[in-house]
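Enquirer: Protein chains in written order, with our numbering: chain R, 1 to 186; chain C, 187 to 375.
Hints listed in this document are in silico derivations from the structure and should not be mistaken for laboratory results.
Fair warning: there could be bad hints in the mix.
[What the hints assert, rightly or not] Computed beta-carbon distance windows for the label pairs:
1) R:91 x C:352: 54 to 62 angstroms
2) C:315 x R:38: 19 to 27 angstroms
3) C:260 x R:181: 29 to 37 angstroms
[As the list claims (entries may be wrong)] Reference listing, derived: stretches of chain R covered by chain C, where coverage requires no fewer than 3 residues with Cβ under 8 angstroms from a Cβ of chain C:
4) 40-53
5) 65-75
6) 94-107
7) 112-126
8) 142-149
9) 152-158
[What the hints assert, rightly or not] From the structure, some residues in chain C lie toward chain R, with a derived Cβ separation under 8 angstroms:
10) 225
11) 249
12) 256
13) 259
14) 261
15) 264
16) 324
17) 325
18) 343
19) 347
20) 367
Just so we're clear, the structure is a prediction, and the values are computed from it rather than from any experiment.
Even glycine gets a Cβ: it sits at the ideal position worked out from N, Cα and C.
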Amino acid sequence: MAVNEDYALPCGRDVDTIWDRLDRDTDEHDQDCPHCRTAREGLLALRSATRELIDEPDPTPPDLLGRIMSAVRAEVRRGQMLDLASAEPGGVAVSTQAIAVVLRYAADSAGGVRARRVRVRQVGVDAAGAAQVAAELTLTVRLGNSAGAETLARVRELVSAAATARVGITLVSLNLLVEDVYEDGE
Amino acid sequence: MKGGAVTTTSVPLDDATLVSRARDGDVRAYEQLVLRYQGLMFRLALKMLHHRGDAEDVVQEVFLSVWRKLGQLHDDHAFVGWLYRSTTNRCLNVIRARKPQADVDLELAESPRRDAQPEHAAQVSGQLEALNSALQTLTPQQRACWLLREVHGRSYDEIGEIVGANPTAVRGRIARARAQLAEVMKAWR
Chain R
1 MAVNEDYALP CGRDVDTIWD RLDRDTDEHD QDCPHCRTAR EGLLALRSAT RELIDEPDPT
61 PPDLLGRIMS AVRAEVRRGQ MLDLASAEPG GVAVSTQAIA VVLRYAADSA GGVRARRVRV
121 RQVGVDAAGA AQVAAELTLT VRLGNSAGAE TLARVRELVS AAATARVGIT LVSLNLLVED
181 VYEDGE
Chain C
187 MKGGAVTTTS VPLDDATLVS RARDGDVRAY EQLVLRYQGL MFRLALKMLH HRGDAEDVVQ
247 EVFLSVWRKL GQLHDDHAFV GWLYRSTTNR CLNVIRARKP QADVDLELAE SPRRDAQPEH
307 AAQVSGQLEA LNSALQTLTP QQRACWLLRE VHGRSYDEIG EIVGANPTAV RGRIARARAQ
367 LAEVMKAWR
């Protein structure tokens, strides 16, 4: 390869070839050629220093996570606000993002499944003035989950119940889409 | 963790799940991703820039801009590659913006904060010091390719994607870097 020609040794071998051969048995040329021997020494030293570099303790400053997350939180997107039924004047609203969090948690608690994207959309208003909501959940299912249909039925039940009991909205439709699988330990 | 237990299930979630949730605006899911990858990105930036403060700034900017642009990421599995690309590019920009002499004056460059880890400071070997200085003599592009390959274990194809070059050019840069570093390291054998 042209790019390596700069690093050809006077004997004709190039540094890359010697690097690739570092762990193999040396042949006669490796042992006799002074150029190859010197290059080999340098590469062995480089490899040992590289291992040291990799093994250095994690240098991350302890406050970096906090700095990053406060910058991120300053830009949180709240999403659309939906009205809830309220007997009091003034009204109560909840963000679609907050609803998504509750629904995702409910889906996760079914076991063997993880919620990914949640789309929450208002489709109407009921007699009490509360938003009627259509939701779509994208899921990933644990590989080897043989009771897929039962799991999804449980997800449907838990998510609908959470929408009513924990948020106070009624789901008029709930679509579940399985888009991926994951393995234990992943 | 304080607050809701939404993304703090006992089993750590896979990247793709966390990325989809973060894209939905789930800050806690994003926090898990930051926690998982900030160390790798900081390490890369520190070795690229040889300056702790600059490396911190780069990593903070990377994670903030990735959060802003999460909606543009179409493949949830591409997240780590995206982080590497963003970190590498920002480091190269910082180096480009530096005054020419600042890049070569190693004596003035801030070295890793030793006072914070005295037990480690004592152990930093001459060999490692030599490698750290030798790294700064490579071109920034060579240094990026070498670090991504030898320290971060990325493939030639992945590095090509990260630095925007074909795998053959990447292989060439790494070969040059290796030959140059080996030349310096001979003294430590």
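Enquirer: Would you mind marking each hint as holding or not holding in the structure?
Expert: Results of checking the hints against the structure:
no., hint, verdict
1, R:91 x C:352: 54 to 62 angstroms, "59 angstroms, holds"
2, C:315 x R:38: 19 to 27 angstroms, "22 angstroms, holds"
3, C:260 x R:181: 29 to 37 angstroms, "20 angstroms, violated"
4, 40-53, "holds (count 11)"
5, 65-75, "holds (count 8)"
6, 94-107, "holds (count 5)"
7, 112-126, "holds (count 5)"
8, 142-149, "violated (count 0)"
9, 152-158, "violated (count 0)"
10, 225, "5 angstroms, holds"
11, 249, "5 angstroms, holds"
12, 256, "10 angstroms, violated"
13, 259, "13 angstroms, violated"
14, 261, "11 angstroms, violated"
15, 264, "14 angstroms, violated"
16, 324, "12 angstroms, violated"
17, 325, "14 angstroms, violated"
18, 343, "16 angstroms, violated"
19, 347, "19 angstroms, violated"
20, 367, "5 angstroms, holds"
Checked against the numbered hints listed earlier, the structure breaks hints 3, 8, 9, 12, 13, 14, 15, 16, 17, 18 and 19; every other hint is satisfied.
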